[in-house]
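Position in the sequence shown (first residue = 1) + 384 = this note's numbering.
What the hints contain is simulated information worked out from the structure, not anything from laboratory work.
Mixed in with the good hints there might be a few duds.
Label-pair ranges, simulated between beta-carbon atoms [stated by the list, open to error]:
#, residue 1, residue 2, range
1, 482, 451, 15 to 21 angstroms
2, 534, 596, 21 to 27 angstroms
3, 596, 496, 34 to 40 angstroms
4, 622, 518, 16 to 22 angstroms
5, 450, 582, 22 to 28 angstroms
Note that the structure is a prediction, hence the values are computed from the model and not measured.
Beta carbons are placed, not taken as given, at the ideal position from N, Cα and C, and that holds for glycine.
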Amino acid sequence: MTSGGHWLGVPSSDRPDSGPGRHSLRMLLRPHHLPMRLRLHAERLIIRGDAEEMGLRSLDGRSPLPWPWQAARFGITAADHADLQAGAAAVWVVLRPYSRHPRDYLCLYERDQQRWQALGASSCIPVGPGLLGGRPSAATSGPAALLVPGRGGASMAGAWRADKGATCRPTGSGWIVAETFRVSAEVQEVRVGPRRINVPGHGYFVVVWRSTLRHFPSARPPITCLDSSGTVLTRLNAGEYVDSATLESTAGI
385 MTSGGHWLGV PSSDRPDSGP GRHSLRMLLR PHHLPMRLRL HAERLIIRGD
435 AEEMGLRSLD GRSPLPWPWQ AARFGITAAD HADLQAGAAA VWVVLRPYSR
485 HPRDYLCLYE RDQQRWQALG ASSCIPVGPG LLGGRPSAAT SGPAALLVPG
535 RGGASMAGAW RADKGATCRP TGSGWIVAET FRVSAEVQEV RVGPRRINVP
585 GHGYFVVVWR STLRHFPSAR PPITCLDSSG TVLTRLNAGE YVDSATLEST
635 AGI
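All chains, please: the whole structure from these sequences, using the hints.
Below you can see the structure in the form of structure tokens.
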């Protein structure tokens, strides 16, 4: 053992600089252990941290996590969708995405006076390792893999004003709804209504929209998946839960 460290529970007779019969109760602490302790402490903070704040930072164009915890192993915003015209946004946050026990949150937001206001996040559920791995292939898994729906969440628009005790009537009515989807490797472009959505390499994307109280949640815009040549592979119309490719493959059953 080199000098510079402190020993815990080691007989002093085993130490070259001590006499017999003496023990040290000091913990082994060396300078190069400090970064490791900081990383472990940071991970504990991120696990208990506020996923909604990470989503807000991402919507504002900043890193989801402040320095020095910006490494992707602590947490990432895996997918997001912001509709400025509707004043709604959703961010899918994954904490410790490359660990054995990643956790994810679907966070919803409302636009008010040039600022995003958090409306809440869906409860986290444990997911397995490899969450953000490679996309499935529809050629081997079948047409149902072209567009796979995931989890969803909804929050009453303007609910944050009631929490703050405001007396004014919310500018937005109804619900803000979001759903996650995953596309196969054959899909190169996704259109939500007339808008194009950038799909990350892992294939997950989020769709957010406003829905009225009377027609919840049928106001979801249509979703169209295209290949690299612009050919439509499958389509999910508003209010439907089974896409066209799956319907065509099961029409003869």
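Verification of the supplied hints:
1. The hint said 15 to 21 angstroms for the Cβ distance between residue 482 and residue 451, and at roughly 20 angstroms that hint holds.
2. Between residue 534 and residue 596 the Cβ separation comes to about 24 angstroms, which falls inside the hinted range of 21 to 27 angstroms.
3. For residue 596 and residue 496, the hinted distance range of 34 to 40 angstroms is not satisfied, since their beta carbons lie about 19 angstroms from each other.
4. Taking 16 to 22 angstroms as the suggested C-beta distance range, the pair residue 622 and residue 518 does not conform, at roughly 30 angstroms.
5. Our hint of 22 to 28 angstroms for residue 450 and residue 582 holds, since their Cβ atoms are close to 25 angstroms apart.
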